[in-house]
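Chains A and B, in that order, give the protein sequences.
Here the first sequence is numbered in the working numbering, starting from 1 and rising by one per residue.
Here the second sequence is numbered in the working numbering, starting from 1001 and rising by one per residue.
Rather than coming from a laboratory, the hints here were simulated on the basis of the structure.
Be careful, since some hints might not be right.
[What the hints assert, rightly or not] List of simulated lysine-lysine pairs, DSSO-like, C-alpha gap at most 27 angstroms:
hint	chain 1	residue 1	chain 2	residue 2
1	B	LYS1137	B	LYS1008
2	B	LYS1134	A	LYS199
3	A	LYS57	B	LYS1004
4	A	LYS57	B	LYS1137
5	B	LYS1063	B	LYS1137
6	B	LYS1079	A	LYS199
[What the hints assert, rightly or not] Derived contacts from chain A toward chain B, CB cut-off under 8 angstroms, selection only:
hint	residue
7	ASP48
8	MET58
9	ASN61
10	TYR196
We put the beta carbon where it would ideally sit given N, CA and C, even for glycine.
Chain by chain, the residues:
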Amino acid sequence: MDYLWLVIATVITVIAPFAVAVLAGIDRRITARMQNRVGPPILQPIYDLMKLLSKTKMLINKGQIILATLYVAMSILALWMFIAGADLLIIFFVLSAAAAFYTLAAYAVLSPFSQLGATRELIQLLAYEPVVLMVFFGVYLVNGDFSSAATDKMLILWLPLMFAAMILVLLVKLQKSPYDVAEAHTEIVGGPEVEYSGKFLGLVKVGHWYEAALMFAVISLFFGHPNMYIAFAGKLILVFLALFIVILVDNSTARLRFGQMARVVLTYGLALTVVNALVVWAVQEGVIPWP
Amino acid sequence: MALKSLIKSPWILHFDTGSCNGCDIEIFATLTPLYDVERFGILNAGNPKHADVLVLTGPVTQKTRSRLLNLYEMMPEPKLVMAVGDCACSGAPFVNAYNTMGGVDTVLPVDIYVPGCAARPEAVIDGVVKALEKLAKLAAGEPAPPAHRREEGDIPLEVYDPEAAAAKARAATAAAKGAKDAPKGEV
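So that you can see chain A by itself, here it is in the shape it has in the complex (with noise of 0.2 angstroms):
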């Protein structure tokens, strides 16, 4: 592999989380102007961090601090991986071990919300990988590899399903409304998060940036041209495109019980994918006549 590829991948990680707050804070402001109000500046989410990063420490246990910093540290490489072009398999075990160490933190305190969300959030991600798996499955379809660097090919036109299925898994990710279960900030006050304060808020709060960004080089992925310039663009429009839908639903929708997003996720997100790959393979074997 190109060593300076490596090193532009290293500093696209550092920059990652930045761009991600960036776009959470367009969120934000969108979120605002469709109820009516004005909203917070775009660069909120980075005074958030920078305000969480100079509080006091205050620590309930160090197993999950140590835990939390594994969960960050994880969703950095996965992420790292992907911008370098790695297996997208190994991504994926990188993500879950991510995922699970979050999960063991928020059951390494004994608070009951704590407890609570870090329940949810195991089955969110029992619901969620499958269809994420699925979906690299797809990529592996069209492209004949599981690499992740980017491609020619015109990934969302193969696999539209897989993008719509996409959507239901940023929604959970990136704890949207319906289907912000594990956080459920009014319900059981932030669940994974209940227990930490100050600057591990902030740790934390940088976890979840790399994972959602993550989850937008995952849609970047979808889209794919010869030509570099129209390839970022296109790839750009595509990830405004599906956080838009995301707020939209986010905005309209309340909030469902996690067997419900449980259900949904397996069935119809599943059966979405499954549809699709089934699709692409019938079509690629000549089972299905296509011009």
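With chain A fixed as given, assemble chain B onto it according to the hints.
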């Protein structure tokens, strides 16, 4: 540095220390899209471990005192305390009531007082702006009024002692009983 970044994103925690709910309703009105406090980065954290500003309503009752101290200790520094409404500011009509401690400042050092019965949303926003001004002054190293903690003797507050009150009541009952039982011929 710490204070400077707090100015742009004060997250609040609202706690009812024994209010009649009048001020609570006004605070929730302040948090609605009509007033849009998120413009200033203000969020209702609802969790002491995430919050920076403790917004209190109502006189501190004997029962909520320990909870209030608990919440205050859970908040990481730097933090501000805001007393909203007349009762939280001074105890108002409940000032020598047997079940209250008086205003919030008898229990915690208070940074900002927002008077009013009930304090209007505009007044609450004004209070937050004042709090941020104070933070800006502190961040710039300028002198700012310190958080106020009511000392004993500030206003005469009777300290309620259940033992003494019970003894007093017993004595009064005994005296009344004694007067009733006294032979009438002596008068």
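Index of numbered hints that the structure contradicts, given in increasing order: The structure breaks hints 5, 9; every other hint is satisfied.
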